[in-house]
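Chemist: The chain contents come next:
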Amino acid sequence: MELIQPISWEDALAAKAAYPDARAIRGGTDLMIELGAGDRLPATILDLGRVAKLAEWSLDDGHVVLGAGVTFTELIDELSCELPALAMAARTVGSPQIRNRGTVGGNLGTASPAGDAHPPLLATDAQVKLASARGARWIGIGELFAGPKRTTLEPDELIECVRMPRASGSQQFSKIGTRNAMVISVCSFALAIDPSRRRVGTGIGSAGPVPLVAEEAGRFLEGVLTEADAWESGAPLGESAAARFGELVSAAARPIDDVRGTADYRRHALAVLARRALGWARGARDELIG
Amino acid sequence: MASARLGRVEDLALITGAGSFVADVRLPRMVEMAVLRSGVAHGRLARLDCAPALSLDGVLAAVGAGDLVGVSGFPDFIEAMRPIGTFPLAVDRVRYVGAPVAAVVAEDRFRAEDAIEAIEVEYEPLDAVASLERALADDAPRLYEDWPDNKAVDVTRRDPEVAAILASSRVIRASYRMHRQAPTPLETRGSVASFVAGRLTFWTSAQSPHIVRTTLATALGLPEHSIRVIVDSVGGSFGSKTHVYPEDVLVAWLAMRLGRPIRWIEDRAEHFMASVHARDQLHELEAAIDGDGRILALRAQITCDIGSGEVFPAGVASSFVTAGVLTGPYRIPHAEVGVTCVVTNKTPSGAYRGFGSPEAVFAMERLVERIARETGRDAIELRREMLLERDSLPYRLPSGSVVDSGSHRECFDRAVELGLDALRTARTERPSSGSTRLGVGFATYLEGVGASYFVTTGNWTSHEMCTIRVEPDGSVVASVGVTTTGQGVATMVATVVAEALGVSRDGVRVDMGDTDRCPYGIGGLGSRSTIVASGAIGLAASVIREKALAIGAHLLEAAAEDLELVDGRVRVRGGGAAVSLARIATLAWVRTLDLPDGVEPGLQATAVYDAPGIDHRPDVHGRMNACATYTNGSDAAVVEVDVETGRVEVLSYAVVHDCGRMINPPIVAGQIRGAVAQAIGGALYEEICHSPEGQPLATSFMGYLVPTSAEIPEIVVEHLVSPAPGTPLGVKGAGESGTIGPAAAIANAVSSALAGCGVDVTATPLSPSAVRRLIRESAMDCAPDACEIEGAQV
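So the sequence lines, in the order shown, correspond to chains A and B. Per my numbering, the very first residue in the first sequence carries number 1; after that it's consecutive. Per my numbering, the very first residue in the second sequence carries number 1001; after that it's consecutive.
Careful, some of the hints might be misleading.
[To be verified] Covered by chain A, according to a simulated footprint, are these stretches of chain B (three or more residues, beta-carbon under 8 Å):
| # | segment |
| --- | --- |
| 1 | 1551-1559 |
| 2 | 1768-1775 |
[To be verified] So these bits of chain A aren't anywhere near chain B, every CB distance computed over 12 Å:
| # | residue |
| --- | --- |
| 3 | Asp125 |
| 4 | Lys129 |
| 5 | Ser132 |
| 6 | Trp138 |
| 7 | Ser168 |
| 8 | Gly177 |
| 9 | Val224 |
| 10 | Glu232 |
| 11 | Ser233 |
| 12 | Leu237 |
| 13 | Asp264 |
| 14 | Ala271 |
Treat the hints as calculated values from the structure; they're not laboratory data. If you're wondering where the values come from, they're calculated on a predicted model, not measured in any experiment. We put the beta carbon where it would ideally sit given N, CA and C, even for glycine.
Just chain A, same shape as in the assembly:
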């Protein structure tokens, strides 16, 4: 096995071009577990741990640009106000040790349908910057996932950063795991209400081959908020609207039966999570925006 440890991003991209089969590693919280479980050792590992630039985040014209190497702990400590849903999701990741090591970029690269960062990134319409020695391109987060643990990255590409608007309204994340912590989610849901853009974003995790967006549910809620003139006011939306929102989120899921839960349970639980997330979002609105 060969280990490549570039210092600069340019060297990293050159290495990936030279060794397109190389597996990228940063915190190692996914890859090391796979290796420990007896999976075949990759011929080449590209360690991005020394590329300082990946660990940085910045604000840019109302957006947050998050380096792929920003850890979950850093998200919680530094970006809870700017990216509340993502920070909430980060709090539910693993244990403190895992959160200290695990990164947003790694979560995206692994592309597990259960990746905790994915629903909030979907809900906030995050853009992902894919870079290679040939250049860079931006794609919508939804275009990144090709299937369970598969991405649309070209063999020579690496994830550089993600960019999403700074929260202008309420955001929520909730997930169900059989146990309270250190558990792969049975299903998860993220909601981002963005009054400045008149936009409701959603993200569903662990309930399909890839993380999903409940588009119809989002449009429905946008309509309700507009009709009630409640984007800014925070007026309650009523039980029936909340229930309908939950149903639409549930309908967008494409779950399967597995060890952690049945498809039926996931559909049901997503409706509950979505309805609750909406309730919390409306309740929390004044504090966040006020």
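Position chain B against the provided structure of chain A, taking the given hints into account.
Modeler: Chain B alone, transformed into the frame defined by chain A:
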């Protein structure tokens, strides 16, 4: 006892990193073993070629079953069970994913694992039997071709009156299912073997070093005096290391063949496939009741999925225990119980803390709740009317178990008080939101402790030995056959010896876990160590005390009857002249010239203790009293159930426990708390599940969810003390009892919380998905408004 509140004697070594676990054993020239395991659940072994592995750099050996010259299979001693003839490596068939097929020895584990991948193996797949129900189907494939079916055990304890009572009474029928779980100790299994000058030294992580020695001697054809088994620190076991496993024989045999020390440490993925599982059992019950709901007679069929059975001993005995304690601490005059153990294409099952009792109590305590509901009775009152009272003791259960003592009614009453108090607190602190319901549930149980090991193994019975030696300076060494896997057994032994000899606990060193140094013992299992060790210690100590008094009498020129041994001295009763035990011991070993006439040198004694009244085989009616005495307890759980997500949270848990006289109450409380936590895990989170093809679906801690501190509430433990009349110190066992109540108490609490929805819990685990299914399938509307917050029984 004077030293009852002192800390544990074993902790200094453990907390300073000086414990020595089997993985800490490093010998010069030591090499490593790895095992090729079956990836199919059921198949014929069509081809095995180890040669490609042998050609790799650093590989010393690669063997299949045919290479194990001189190795015998594991013996089948259990009389009620069909023989299985387990061999350490698959001979012609594999019967579970994880079954050992070949073993490799290499310079290090990395090379050994690479070599495993080089072995060429082919299976002809056979249809897998992946469930208890499938095993019993008429068209099920058979695991053992010379058997007529898949039943390893099929016995019934008849009671001719049960049929008549059932025919003439109201009958309540129900089935209760407990799911497959795994003991999951923090330290996995492991062994290191060294064969030098014809002698095998075998370090292992086990509960019964002498049973390992005897079993290895048989398997390897070695004289037993040529084997030394050493068990030093053990990082938990919970029953799983009572068994002797194929890898033990492989490590020893390969060390003998290669002349190099060999080590094998099980990794966690192996552990989930290759160490025993447990609890996979169905209980079909029929209860004849009187007009008040009291049970007049019980008929039960217990069916257990024991996996492939390929472990020593096979895991059938826990079902016998279920049958033995099924009627619990209740006055139920008649019971007829059938036990069927089926083999399936899963990891062999075996011993797990609780050993058939959690299963029995889950079934029985759910049944009592169902009877109460169907007869319109309060389940608490119904229990009170059936519970054993002190004046009905000793009480012979239908199984033949003789309940010698206990506080069954008092424990239950106190647990009810604690449970209702906790529910009131929960209502204040966690007022229900739209979707949460509070419930309280109770469970009451008795547990046979210090059981005959004959039932489990078909050999050995219930004795234990101890050697006590007072060294020339008065310090004391106690060598015992019981062992510890972390419970604090050394503390117990040191305390009992110190009390018996009137010396300080610090003056006693405990020697255990070494077959060269310790007397032949059955080991530390079955909540027996305190009972049997204290019995043997008492007998040995009395011999030493008598001799010490005789020597003291000589030195003090007093009559021995006027002397006592206290505070490290022999003194005249009531104060006055005294001589130290150290001086007496010096005389006994060193200043032997000064010994009185007729007193032999030396100050040591060996004694064997066997608790009275234990049956090792059933009588003609199938009845037996298999245990030294009976611990009892009652639990109360308060839960919050989210009816929308199905999530169950245990808000509080209380145990009122009676294990007779306690040597060290904090250790007892710690055992109970740990066991409750483990059983909360079993009730809510932990599940070993398989695909229909027999593929295990939980092979790591990512899939097998043990509880963390975030899931475990504060556990209230209260003690009542009903000394056992038949044990020397009145002690009983306490290592397992905490595991017995939680599944039942939590299931009762969840049912109580969801009583408004008509939910009836009949199976574990109560995962969010399972609870939601119960709510969805219940007959009644479970919309938030339809549910009462009140539990049915409060």
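Chemist: Now tell me if each hint is right for this structure.
Modeler: To see whether the hints hold, each was checked on the structure:
By the rule of at least three residues with a Cβ nearer than 8 Å to a Cβ of chain A, the coverage given for the segment 1551-1559 of chain B is violated, with 0 such residues. Only residues whose C-beta sits within less than 8 Å of a C-beta in chain A count toward coverage, and the segment 1768-1775 of chain B has 4 of them, enough to reach three; the restraint holds. Residue placement check: A:Asp125 keeps its beta carbon more than 12 Å from all beta carbons of chain B (closest about 28 Å). The beta carbon of A:Lys129 is kept farther than 12 Å from every beta carbon of chain B, the shortest such distance being approximately 31 Å.
Residue placement check: A:Ser132 keeps its beta carbon more than 12 Å from all beta carbons of chain B (closest about 33 Å). Look at A:Trp138: its CB is around 33 Å from the nearest CB on chain B, clear of 12 Å, so calling it non-interface holds up. The non-interface label for A:Ser168 is consistent with chain B: the shortest C-beta to C-beta separation is roughly 29 Å, beyond 12 Å. A:Gly177, annotated as away from the interface, has a beta carbon of chain B within 12 Å; the closest lies near 8 Å.
Consistency note on A:Val224: stated as away from chain B, and its beta-carbon is indeed over 12 Å from all of that chain's, at 21 Å minimum. With a cut of 12 Å on Cβ distances, A:Glu232 stays outside the contact zone with chain B, its closest approach being about 27 Å. In this structure A:Ser233 is separated from chain B by more than 12 Å, as the shortest Cβ-Cβ distance comes to about 24 Å. At roughly 16 Å from the closest C-beta of chain B, the C-beta of A:Leu237 stays outside 12 Å, upholding its exclusion from the interface.
The beta carbon of A:Asp264 is not kept farther than 12 Å from every beta carbon of chain B, the shortest such distance being approximately 8 Å. Chain B draws A:Ala271 into its interface by the beta-carbon criterion, the shortest separation being 9 Å against a cut-off of 12 Å.
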